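Protein chains: 2
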Amino acid sequence: MPDPKPATIRPTDDDARATARGLLSAARFGALGVIDPETGGPAVSRVAVARDADGQPMTLISDLSHHSQALRADPACSLLVGEPGDRGDPLVHPRLTLLCRAIFVARADAAHDRLRALYLAQQPKARLYIDFGDFRLVRLAIADARLNGGFGQAYRLTADDLGG
Amino acid sequence: MPDPKPATIRPTDDDARATARGLLSAARFGALGVIDPETGGPAVSRVAVARDADGQPMTLISDLSHHSQALRADPACSLLVGEPGDRGDPLVHPRLTLLCRAIFVARADAAHDRLRALYLAQQPKARLYIDFGDFRLVRLAIADARLNGGFGQAYRLTADDLGG
Chain A
758 MPDPKPATIR PTDDDARATA RGLLSAARFG ALGVIDPETG GPAVSRVAVA RDADGQPMTL
818 ISDLSHHSQA LRADPACSLL VGEPGDRGDP LVHPRLTLLC RAIFVARADA AHDRLRALYL
878 AQQPKARLYI DFGDFRLVRL AIADARLNGG FGQAYRLTAD DLGG
Chain B
758 MPDPKPATIR PTDDDARATA RGLLSAARFG ALGVIDPETG GPAVSRVAVA RDADGQPMTL
818 ISDLSHHSQA LRADPACSLL VGEPGDRGDP LVHPRLTLLC RAIFVARADA AHDRLRALYL
878 AQQPKARLYI DFGDFRLVRL AIADARLNGG FGQAYRLTAD DLGG
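Here the protein sequences line up with chains A and B, keeping their order.
If you're matching positions, the first sequence starts at 758 in this note's numbering and goes up one per residue.
If you're matching positions, the second sequence starts at 758 in this note's numbering and goes up one per residue.
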């Protein structure tokens, strides 16, 4: 029996790119998957999401969190964005899986203040804690992306497909 | 400097247990983290969620999906449940990270038909595809759980804390 997988991935077209960019640009939060240093297995937690000037995702996390400690040990991570509505089958709603590498942004980094301003423009309530000593901006550099536009509508995208 | 981590985890109490059980019992979908066999890193995707008679989570996935292939290779996984509303800081909403082991339920398994009925009672639209040859019920056996009840409200829970 032939491997059925290739047939399930559709060729990437402009509609798929537009859907994926739309999901990323609308995301206020996402589900971040990391390798848990305690177990070596995956752990998923919620993070807030904003975008840099190129439309690439970033987040703001506390050093006290599990995911922060995990990303310090292994920067490979994954971000799921695209929320279903309250009704119907949750699987008909499009969503985007990003495979990423986390890059912590030091406060001394030349880009820090610009990213901080962009972050606060998108997550204004974070003003309450963004300057706490344990909070860090983290860029999520996209290595690969998978769009699921609904049943049978799977696409594979590159960082360029998602580029601003 | 002392390790600040222990102080950030609160003692598990009945309120924490009730919040965690409530998040799990209300979940129609969740974010599933797996180890991606292509990269060895984490990958997060959306899955539908239902509960068995003991309140433990289960899902229904296609053999054609990335997460199904990943779970066949490595059953360690993580499920995030608890959706924020549309307003305010998404991080103030409680959410629950489950560390799980995936157990595929064969159609020949004695428990299959009972689980299928429970699944459909909670996800009635899945009737359209639950009997497709590539779809499998998968139990997500909880090994460990982390409740984040909002800023500074972190708890660690066991499977027993989440028991029906």
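Please note that a few of the clues may not be correct.
With the Cβ distance kept under 8 Å, some of the chain A side facing chain B (calculated, not the full set) [stated by the list, open to error]: (1) T765; (2) G790; (3) A805; (4) L821; (5) P847; (6) R873; (7) L877; (8) K882.
Now the stretches of chain A that chain B is said to cover, found in silico as 3 or more residues with beta-carbon under 8 Å [unchecked claim]: (9) 773–782; (10) 862–871.
Think of the hints as simulated: they come from the structure by calculation, not from any bench.
Values in this document were obtained by computation on a predicted structure and should not be read as measured data.
By construction, the Cβ of each residue, glycine as well, lies at the ideal position given by its N, Cα and C atoms.
A quick look at each hint next to the structure:
{"no.": "1", "hint": "T765", "in the structure": "holds, 5 Å"}
{"no.": "2", "hint": "G790", "in the structure": "holds, 4 Å"}
{"no.": "3", "hint": "A805", "in the structure": "holds, 6 Å"}
{"no.": "4", "hint": "L821", "in the structure": "holds, 5 Å"}
{"no.": "5", "hint": "P847", "in the structure": "holds, 4 Å"}
{"no.": "6", "hint": "R873", "in the structure": "violated, 16 Å"}
{"no.": "7", "hint": "L877", "in the structure": "violated, 12 Å"}
{"no.": "8", "hint": "K882", "in the structure": "holds, 4 Å"}
{"no.": "9", "hint": "773–782", "in the structure": "violated (count 0)"}
{"no.": "10", "hint": "862–871", "in the structure": "violated (count 0)"}
Of the numbered hints stated above, those contradicted by the structure are hints 6, 7, 9, 10, listed in ascending order.
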